[in-house]
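Per numbering that gives the first Met the number 0, the very first residue in the sequence shown carries number 0; after that it's consecutive.
A portion of the hints provided could be inaccurate.
Said to hold, decoys possible - Calculated cross-link-like contacts (lysine-lysine; reagent style DSSO-like; alpha-carbon spacing at most 27 Å):
no. : residue 1 : residue 2
1   : Lys42     : Lys29
2   : Lys175    : Lys213
3   : Lys42     : Lys142
4   : Lys42     : Lys24
Read the hints as simulated data drawn from the structure, not as lab findings.
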Amino acid sequence: MTTERTERPPLRFLVPENWEGALLKDFLRKEAGVTARFLSRLKRTEGGIRLNGVPVFVIVRLRAGDVVELFPPTGSTRAPGADLPFPVLAEDHRLIVVNKPAGMPVHPSPGHDCDSLLNAFSGWLEREKTGALAFRPLYRLDKDTTGLMLLAKDGYTAARLPEFLQKTYWAVCEGKLQGEGTISLPIGLEPGSRIRRCTGEQAVNPVPAVTHWKALAGDGSHTLLALTLETGRTHQIRVHLAAIGCPLAGDDLYGGSRTVISRQALHCREALRRDTGQVFTAPLPRDFREAFPGFFPQEDFLEQFGGEEN
Numbered sequence: 000m001t002t003e004r005t006e007r008p009p010l011r012f013l014v015p016e017n018w019e020g021a022l023l024k025d026f027l028r029k030e031a032g033v034t035a036r037f038l039s040r041l042k043r044t045e046g047g048i049r050l051n052g053v054p055v056f057v058i059v060r061l062r063a064g065d066v067v068e069l070f071p072p073t074g075s076t077r078a079p080g081a082d083l084p085f086p087v088l089a090e091d092h093r094l095i096v097v098n099k100p101a102g103m104p105v106h107p108s109p110g111h112d113c114d115s116l117l118n119a120f121s122g123w124l125e126r127e128k129t130g131a132l133a134f135r136p137l138y139r140l141d142k143d144t145t146g147l148m149l150l151a152k153d154g155y156t157a158a159r160l161p162e163f164l165q166k167t168y169w170a171v172c173e174g175k176l177q178g179e180g181t182i183s184l185p186i187g188l189e190p191g192s193r194i195r196r197c198t199g200e201q202a203v204n205p206v207p208a209v210t211h212w213k214a215l216a217g218d219g220s221h222t223l224l225a226l227t228l229e230t231g232r233t234h235q236i237r238v239h240l241a242a243i244g245c246p247l248a249g250d251d252l253y254g255g256s257r258t259v260i261s262r263q264a265l266h267c268r269e270a271l272r273r274d275t276g277q278v279f280t281a282p283l284p285r286d287f288r289e290a291f292p293g294f295f296p297q298e299d300f301l302e303q304f305g306g307e308e309n
C-alpha cells in the first residue's frame with residue numbers, strides 16, 4: 000500500500016437519506032461518480048477513504064448524514080522539465096487553468112520531445128516547488144491552437160469535470176458567414192492519411208460530429224466566429240469549416256491560406272463549468288489580433304469581449 004498523501008483538501012460527500020444502509024463502494028460508484036480505476040487507487044492509498052474522519056474499507060454500510068472523504072494520491076509527472084511559457088490564469092486545489100501558446104503540443108511527440116505543454120508543466124512544478132502532480136489535461140488542443148487548457152490536480156476531477164465543461168472557441172475563417180448555424184457532418188480519416196480528417200462518403204470509420212457557430216464580425220473576406228461543440232473529434236472545427244467552404248485562416252492542412260496568419264486562427268476562448276457557473280476566459284494572442292485589426296476598434300473590442308494578451 001502506498002503512503003503517498005496530498006496536502007489538498009479532501010473530496011467530501013454527505014450521505015443523503017436515500018443511501019441509508021447502502022455499501023460505501025456502491026455510493027462512491029453510483030452517487031459520487033467515482034470511476035473503478037480511481038476507486039482502486041484510493042483503496043491502495045493509506046487513509047485514502049474515510050468515513051466520519053476514520054479510514055474504512057468500501058464494504059462498510061452507510062447511515063444518512065455520514066461524511067465520506069476521499070484523499071486522492073498526488074501522482075507525478077513523467078517528462079523532463081523545460082523553461083517554457085506556462086501562463087497560469089487561475090488555480091485552486093482542484094484545477095490549474097493555463098493559456099496555451101501557439102506552437103506547443105500538449106504531449107511530447109516526434110520532433111517535439113522537450114517543448115510540449117507537459118514539459119512546460121514539469122518545469123513550472125520545479126520552479127514553483129509545488130510538489131508532485133500528475134499531468135491531467137481535461138481535453139487536448141492542436142499544437143498551433145491557442146487558449147484555455149484545464150489541468151486537473153487529481154483523478155476524480157479529471158474523470159468527472161469534463162462532462163460539466165462547455166468550451167467556446169474563437170476562430171477566423173475565410174469567406175463570409177452571417178448569423179449562426181450548425182454543422183452536423185460525420186468525421187473520419189481521409190483515405191491514405193494518418194493525419195487529415197474529412198467528411199462525406201470517402202471518410203474512413205466516420206463518427207458523428209456536431210459544431211455550432213455564430214458570426215461575431217467580418218470584413219468581407221474573413222469572418223470571426225464563436226463556436227461550441229457537441230462532440231470532441233480530432234480537428235473537428237477545422238474539418239467542419241473546410242467542409243462548408245470556409246477553412247480556417249492559416250490552416251493550410253485543410254485548404255486555408257497563410258497569407259494573413261501563419262497558423263490556424265483558432266483559440267479556445269472560454270470554458271464554463273456548468274456545475275458551479277464558474278467561467279474562465281483566455282486573452283487573445285497577439286498574432287490573432289494583429290492579423291485582423293479591422294474587426295473592431297480596440298476600445299470596443301475590449302469592452303465587448305473582455306481583454307487581450309499583451
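Do the hints match the structure? See the list:
Among the hinted pairs, Lys42 with Lys29 is consistent with the structure: their alpha-carbon atoms are about 17 Å apart, no more than 27 Å. Between Lys175 and Lys213 the alpha-carbon distance is near 12 Å, which keeps this suggested pair within the 27 Å criterion. For the hint linking Lys42 to Lys142, the alpha-carbon distance of about 37 Å lies beyond 27 Å, and the restraint is violated. About 10 Å separates the Cα atoms of Lys42 and Lys24, which keeps this hinted pair within 27 Å; it holds.
The earlier numbered hint that this structure contradicts is number 3, and it is the only one.
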